[in-house]
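Enquirer: Read off the chains here:
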Amino acid sequence: ACGSGSGSTGGTTGGGTENAKVAFLMPDLASTRYELQDKPLFEAKMKQLCPSCQVIYQNADSDAAKQQQQANSALAQGVKAIVIDPVDSAAAATIVKSAQSQQVPIIAYDRPIPATPADYYISFDNEKIGSMIAQSLVEHLKADKAEGGILQVNGSPTDAAAGLIKKGIHSAVDPSGFKLLAEYDTPDWQPEKAQTWVSGQITQFKDQIVGVVAANDGTGGGSIAAFKAAGVKVPPVTGNDAEIAAAQRIVAGDQYNTISKPIKIVAEAAANTAFQFMEGKKPAGKTTLYNTPSELFVPTVVTKENIKEVLFDSGIMKAADVCSGEYAKGCEELGIK
Amino acid sequence: MNTTTTDRQDERLQERAGVRGALTDVVERARGGDLGVIPVVVGLVVIWTVLQLLNPIFLSSANLVNLTLESAAVGIIALGIVCVLLVGQIDLSVGSVSGLSGAVLAVLFVGQGLPVWLAIAASVILGAVIGWVYGQLFNRFGVPSFVITLAGLLAFLGLQLYVLGTKGSINLPFDSGLVNFAQLDFVPAWLSYTFAVIAAVWLFASGFLHARERRRAGLSARSVSTLAVRSLALLAVLAFVVWYLGQTRGVGWMFVFFVALVLIMHYLLSRTKWGRAVYAVGGNVEAARRAGINVRAIYTSVFVLCSTFAAVGGILAAARLAAANQSSGSGDVNLNAIAAAVIGGTSLFGGRGTAFGALLGIIVIQSISSGLTLLNLDSSIRFVVTGAVLLLAVIVDSVSRRSRTSHGRA
Amino acid sequence: MNTTTTDRQDERLQERAGVRGALTDVVERARGGDLGVIPVVVGLVVIWTVLQLLNPIFLSSANLVNLTLESAAVGIIALGIVCVLLVGQIDLSVGSVSGLSGAVLAVLFVGQGLPVWLAIAASVILGAVIGWVYGQLFNRFGVPSFVITLAGLLAFLGLQLYVLGTKGSINLPFDSGLVNFAQLDFVPAWLSYTFAVIAAVWLFASGFLHARERRRAGLSARSVSTLAVRSLALLAVLAFVVWYLGQTRGVGWMFVFFVALVLIMHYLLSRTKWGRAVYAVGGNVEAARRAGINVRAIYTSVFVLCSTFAAVGGILAAARLAAANQSSGSGDVNLNAIAAAVIGGTSLFGGRGTAFGALLGIIVIQSISSGLTLLNLDSSIRFVVTGAVLLLAVIVDSVSRRSRTSHGRA
Amino acid sequence: MTVLSLRGINKTFGAVAALTDIELEVDAGQVVAVVGDNGAGKSTLVKILSGVHPPDSGTITFEERAVEIPSPAAAHKLGIATVFQDLALCENLNVIQNLFLGQEIRPLRLNDVAMETRSWELLRQLSAKIPSVRVPVAALSGGQRQTVAIARSLLGDPKIIILDEPTAALGVAQTAEVLNLVERLRENGLGVIMISHNMADVKAVADTVAVLRLGRNNGVFDVADVSTEDIIAAITGATDNAVSRRAQKGASK
Amino acid sequence: MTVLSLRGINKTFGAVAALTDIELEVDAGQVVAVVGDNGAGKSTLVKILSGVHPPDSGTITFEERAVEIPSPAAAHKLGIATVFQDLALCENLNVIQNLFLGQEIRPLRLNDVAMETRSWELLRQLSAKIPSVRVPVAALSGGQRQTVAIARSLLGDPKIIILDEPTAALGVAQTAEVLNLVERLRENGLGVIMISHNMADVKAVADTVAVLRLGRNNGVFDVADVSTEDIIAAITGATDNAVSRRAQKGASK
Ligand SMILES: Nc1ncnc2c1ncn2[C@@H]1O[C@H](COP(=O)(O)OP(=O)(O)OP(=O)(O)O)[C@@H](O)[C@H]1O
Ligand SMILES: Nc1ncnc2c1ncn2[C@@H]1O[C@H](COP(=O)(O)OP(=O)(O)OP(=O)(O)O)[C@@H](O)[C@H]1O
Ligand SMILES: [Mg+2]
Ligand SMILES: [Mg+2]
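Sequence order for the protein chains is X, Z, R, U and A.
Note that our numbering numbers the first sequence so that position 49 is 49, with each residue one more than the last.
Note that our numbering numbers the second sequence so that position 67 is 67, with each residue one more than the last.
Note that our numbering numbers the third sequence so that position 349 is 349, with each residue one more than the last.
Note that our numbering numbers the fourth sequence so that position 48 is 48, with each residue one more than the last.
Note that our numbering numbers the fifth sequence so that position 234 is 234, with each residue one more than the last.
Hints listed in this document are in silico derivations from the structure and should not be mistaken for laboratory results.
Ideal placement from N, C-alpha and C gives every residue a C-beta, glycine not left out.
Hints are not guaranteed to be accurate.
Sample of chain Z residues lacking proximity to chain U, with all beta carbon distances greater than 10 Å (derived) [claimed, not checked]:
#, residue
1, L54
2, Q112
3, A122
4, V133
5, N139
6, G142
7, G165
8, P188
9, A200
10, H210
11, W274
12, Y279
13, N284
14, G331
Here are the computed lysine-lysine pairs in the DSBU-like style, where the Cα-Cα straight-line distance is at most 30 Å [claimed, not checked]:
#, chain 1, residue 1, chain 2, residue 2
15, X, K308, X, K281
16, Z, K273, U, K159
17, U, K77, U, K159
18, U, K159, A, K249
19, X, K286, R, K167
20, X, K329, X, K228
21, Z, K273, U, K77
22, X, K179, X, K228
23, A, K203, U, K249
24, A, K249, R, K273
25, X, K47, X, K167
26, U, K249, A, K77
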């Protein structure tokens with residue numbers, strides 16, 4: 001590593017992990033998971049592996065250049081490893097380059113960096129997420145013998161991850177036999193925008209809409225609010241991220257599904273891998289993706305049927321957070337305590 | 001009206017009386033480019049026609065109902081922006097403040113279980129306090145309001161995230177009065193018509209009394225026929241709007257609330273000493289100071305008003321979405337609110353603008369957004385077209401203003 | 001200097017000569033609040049001290065090298081913003097234009113395989129054309145620049161998405177000269193020192209020649225000793241900077257490029273007829289028009305310059321990131337560029353500001369951002385602290401300006 | 001009775017000493033003309049009296065009490081009304097709005113009609129030639145604006161009126177009306193400070209003449225016993241000056 | 001030789017007819033005074049001649065050619081230099097910058113020294129009392145600004161100089177210098193249009209007097225054969241006016 005002119009890095013080069021620093025660079029605030037789940041879980045695991053180590057957490061707020069700045073600053077602080085969820089998978093190549101040129105191992109987290117292989121890649125697959133939520137909805141509609149079309153609410157047009165999810169959704173919706181009535185790229189993932197758009201579509205297509213595939217819980221919530229505000233019945237709406245608010249809507253029967261990523265597992269795996277790198281080892285991946293040793297985890301679609309097991313029994317969420325006020329009744333029905 | 005009144009004795013003035021006179025006056029002013037909001041309205045009509053041709057749903061009653069409801073939250077924020085722009089300052093933080101206020105509301109109401117009115121009051125007061133702090137910073141240190149509110153933009157965004165804390169997104173219960181107000185409460189048809197009639201009668205009565213007072217004081221005044229025509233026109237327009245929106249769900253209470261705020265602000269700005277002072281400070285702050293106006297108090301009041309409106313807008317936005325989340329108030333709320341004010345004819349340099357400008361401006365913006373949303377374009381094309389249509393809407397207004405400049409009324 | 005020169009004959013003027021006189025002058029101006037950029041520098045020193053105390057890495061050579069490189073792209077954009085603000089207008093679209101220009105560069109260079117210089121030229125010309133269109137819209141229709149560039153903001157964002165197409169993100173090859181220029185090319189130490197010496201000698205020589213010319217014309221002039229002290233001070237500062245940055249990687253060519261642009265703009269604004277006209281238009285457009293200045297041409301030139309700088313900034317940003325993507329230029333590029341100009345002392349109302357302001361302003365902003373990045377805070381706290389520090393930096397400046405107002409120099 | 005008196009007033013702007021050790025006295029019912037060359041500091045003195053600039057040092061005594069005038073509002077409160085040389089009108093407001101700025105009738109529901117009526121009265125009294133009082137001041141001619149500024153100072157109930165070159169832009173008729181007005185004000189017992197470059201006007205209405213030169217007092221004269229030439233000599237600091245030379249040339253032609 | 005002549009010029013602002021059917025002639029080497037009440041339309045006429053406003057109708061003949069003056073730049077090109085009543089200076093620029101605005105020496109590398117030297121020359125010539133030419137115009141007194149505006153019109157090489165109330169804010173000495181200047185300009189064969197409310201100045205330097213009243217021509221007089229009273233009567237439209245009444249009152253006192 002490259003400790004630069006300051007005593008705080010301890011001045012040791014090579015494998016020592018005493019007082020070492022590791023950077024954990026997250027991409028945006030559009031989804032709450034990075035701040036609320038990934039970061040604390042990663043930190044906790046790291047603390048357990050290496051009590052004296054320090055985690056440098058940064059969030060790039062959807063700005064690739066800012067992420068580059070954050071990575072540079074981490075390098076200037078002499079980190080021993082970088083775990084990065086790139087804002088822009090392509091642009092992160094620069095970060096990989098500069099980290100590797102300073103012999104700092106770099107782990108791609110959540111999103112791949114195809115152009116310049118990182119040292120390791122740990123993720124679940126965004127495209128897969130898209131196809132899973134859409135597929136679950138389509139199956140539900142078929143089971144209900146619904147007839148009509150589907151609205152598709154994508155994520156931000158300027159977000160690469162949203163592009164992957166969109167691709168996945170299409171892979172499930174296009175061959176489903178349900179007509180894709182219209183789709184929309186929600187600027188900045190804003191729920192308000194999603195609501196406005198869906199409101200417009202309700203006037204346009206009226207009762208033809210049998211389902212809405214929304215790319216995350218925020219836009220899903222916006223879509224639901226649009227139906228409520230129009231005073232019509234809410235069709236099944238998807239989500240993604242398993243936010244508490246989404247869990248509440250599922251419990252209340254407003255939202256059809258969301259998707260729970262085993263963030264705990266992934267974050268801990270990332271911490272493990274990072275720690276091995278810091279110790280100077282070179283962990284081998286389960287598979288190889290994009291020329292990178294990789295490990296992929298499978299997320300779970302959450303619906304009313306399995307919400308209790310997936311989210312509550314597993315301890316991801318606490319009933320107290322979700323089952324407040326008006327949601328208590330729904331929780332009770334589902335046996336969530 | 002044929003004996004010359006005190007204010008019409010100068011022989012260079014052309015004589016104009018009665019309905020005919022009023023019309024000539026309008027034509028003359030149109031040629032001189034001094035038309036107030038008329039060009040914006042024309043711009044609006046142009047856009048509406050275009051959008052309707054592109055998608056026949058656009059002018060459907062259901063869509064217009066949506067439009068009115070979607071305009072309210074940002075429109076109220078724009079109303080505050082009009083005030084700060086009037087004194088020649090700016091507030092970049094209205095988005096963050098609205099987001100923060102929504103978050104505080106949700107945390108207090110849902111998280112802490114406080115009664116809704118208390119949560120609302122707390123959010124609104126928070127907004128007022130923020131504005132007060134801006135005012136103090138501005139008056140004490142003379143930091144440009146651009147920088148103060150830029151700092152506020154960041155700080156209150158942070159605070160919003162902090163308040164939402166581990167939850168990130170908080171649902172407001174759909175059956176709460178607040179959410180109902182923003183989503184489902186519509187004015188009953190009979191009441192809407194009553195409102196329309198009251199407005200028209202009031203316009204006539206106040207105009208008539210005012211004219212009588214002026215005539216008694218020996219000043220020229222609008223003739224009864226002009227007044228009657230004017231208020232009948234208003235009645236017709238309002239009745240048509242009510243009838244057309246009534247085809248589906250009618251006029252939302254939230255929109256009525258917005259319009260009421262516009263009317264109140266219009267009154268405050270045009271008929272009170274405070275409003276005069278606001279325009280004076282915006283026109284020439286040194287002259288205002290020398291006239292003995294407490295310029296600092298005016299600045300503070302305006303910042304307070306703007307942040308308060310931002311907080312109210314934030315509450316309504318949260319209510320309409322039935323949720324407060326991390327991205328509430330971010331994105332283009334700031335730009336839309338400022339753009340609505342500017343499109344409605346408010347000058348960025350202070351001293352020129354009206355409360356009605358905010359109403360018209362936000363309707364222009366929401367029309368564009370709603371119309372293009374209905375078209376289901378690719379997002380890249382959608383951005384391009386939005387930009388082009390926005391420009392189109394404003395060119396109409398600007399061209400008429402330009403002719404004003406060339407007539408020496410810069 | 002003791003015989004009274006033409007410009008110092010008024011008996012109300014206090015006499016000040018030599019180094020001592022220059023110092024008295026500075027003190028006097030400090031009391032009067034007329035200090036140019038000094039308060040911003042003081043603000044910067046305050047921030048640096050605070051940030052260094054919080055994290056000792058902040059002022060490390062490696063971090064400062066990063067800081068210089070990170071400043072360049074947005075700094076260049078801010079330079080363009082200074083020009084539009086000087087004429088009292090605004091450009092909200094610099095972010096989109098920079099993103100578009102990066103995208104066009106990437107598509108032409110990587111996608112189409114054109115030579116890099118051609119791709120750069122195309123992007124820059126595109127920027128210039130955009131500015132020209134703004135100028136035409138502004139001059140022909142008198143649409144407020146706020147609205148024109150807001151429309152541009154949307155339209156060019158759309159165009160950027162369209163150009164990038166389904167790829168969304170395009171990598172620039174690491175071994176291309178452009179990426180090297182932005183990431184790895186540093187000025188050799190000997191050359192840096194040479195630059196420093198040249199700058200100091202040039203400052204002395206030009207000052208000396210100017211002073212001689214003034215003295216010949218019977219005007220008061222700076223004494224040789226003042227000039228010598230001034231250029232030695234510059235030499236010392238520059239040599240220290242070069243030496244300190246040289247501890248790690250040194251001075252990046254991209255930063256040198258930025259500084260060179262600042263110097264060129266400084267020359268254009270302060271030493272040419274065009275620059276005078278820019279300040280005149282910003283100060284009083286009607287007076288400028290009556291003085292026979294082609295006001296429209298000035299507006300157009302300024303819009304062209306601003307968009308061109310935005311395009312150049314976009315190219316450098318893409319080069320530094322080694323990629324152009326959909327979110328390039330979005331986010332806070334606009335706000336940062338405008339804030340840099342404003343923090344550097346440029347007035348939003350036109351007529352006041354300097355090119356150096358952009359340099360100082362962007363360094364303030366990047367310092368805050370870099371310093372807080374090092375602190376490893378929660379995002380919510382980071383936003384709050386960023387806002388607070390920003391305010392702090394500007395309060396120093398504003399307080400001194402305020403004292404200027406109270407001394408009647410508003 | 002001395003309404004206003006100044007002692008040792010100093011004011012510098014940057015390197016320029018605009019006022020040095022200024023003394024001035026104004027009695028009730030007295031018209032004091034302050035004259036001086038361009039840049040002599042007359043308007044600076046006016047601005048200090050009306051709270052626009054604070055003096056660097058010196059004392060102001062108003063009705064026998066030492067006072068501070070930190071702001072224009074404070075000056076208004078003391079009863080000092082001022083017509084500034086640069087008029088200080090809001091160009092975006094119309095004539096009525098400017099006239100009543102800060103002293104509107106019925107603050108919470110402005111009484112337009114009363115204000116318009118009163119505006120016409122005031123303007124007629126000054127024989128202003130303003131076609132309409134509902135146009136923004138930006139559309140008025142220079143003299144019309146000056147009339148508005150003068151009319152404004154008559155609202156309220158001042159004890160001292162300060163007129164900084166009130167007739168500079170006025171037509172002959174309006175000038176005559178303003179001089180009449182000054183005389184009426186004196187009769188009503190107000191103190192008037194009038195700044196003017198027009199010696200004829202000064203001699204016509206002033207009781208005493210205070211001369212400023214380069215920011216210093218250069219004599220106070222009783223109008224009755226001083227000739228125009230002497231005043232001009234005090235202003236320019238020499239008996240042989242541009243005015244006297246011109247007069248000679250004219251005579252010799 | 002007639003340098004400039006106007007025929008049937010009309011201009012309305014909204015409901016106000018500011019100028020109706022105006023005629024005016026100026027010869028080379030002639031000083032034409034334009035006088036009139038406040039709001040009579042004098043400045044509007046000046047603005048039309050200097051390209052600030054376009055006339056609604058009417059023809060302008062310059063050196064025997066019919067011309068259009070669509071912009072101030074066009075007026076400069078024809079050789080019409082104007083001192084505006086509102087001065088039209090840039091407050092943020094200093095004196096030198098304002099003087100040379102639009103006609104800087106050495107456009108690509110401004111020659112500060114030459115401009116400063118020339119500025120001092122011009123200002124001295126007008127006996128301006130400006131302590132420093134490097135302060136922004138915002139810091140100057142009213143008269144100092146007016147001197148700057150007058151000095152500016154002398155740069156370049158105009159054929160006609162239009163002075164809109166050039167001496168309104170000037171001190172006695174500066175006024176005398178400006179009147180000298182006008183005479184020099186006439187001797188150099190320039191046409192001068194001077195607007196003034198000061199009949200003494202008008203009688204001192206003008207050759208002919210054109211009177212405007214409420215936007216219309218109200219007579220053109222040869223200065224030699226007209227009395228001040230007659231001019232005032234033409235301006236006010238009555239022989240019994242505020243001025244004559246004041247004169248009577250003064251006489252009867
Ligand atoms: N705000 C200011 N900043 C700097 N200098 C100023 C300021 N105001 C006035 N001065 C200077 O103070 C001096 C006196 O100005 P002042 O306006 O009092 O003159 P005056 O006597 O009113 O002249 P005039 O007859 O031209 O109106 C001038 O030299 C002027 O340059
Ligand atoms: N830009 C404008 N917009 C509207 N009306 C205007 C404008 N400029 C002038 N006027 C009107 O035209 C008339 C003539 O104005 P002008 O300035 O020519 O008068 P003037 O003869 O110069 O008067 P003064 O002696 O007061 O300077 C006035 O009634 C004025 O209100
Ligand atoms: Mg003065
Ligand atoms: Mg005039």
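Enquirer: Please list, smallest to largest, the hint numbers that this structure does not respect.
Expert: The structure conflicts with hints 10, 11, 12, 13, 15, 24, 25, 26, although it agrees with all the remaining ones.
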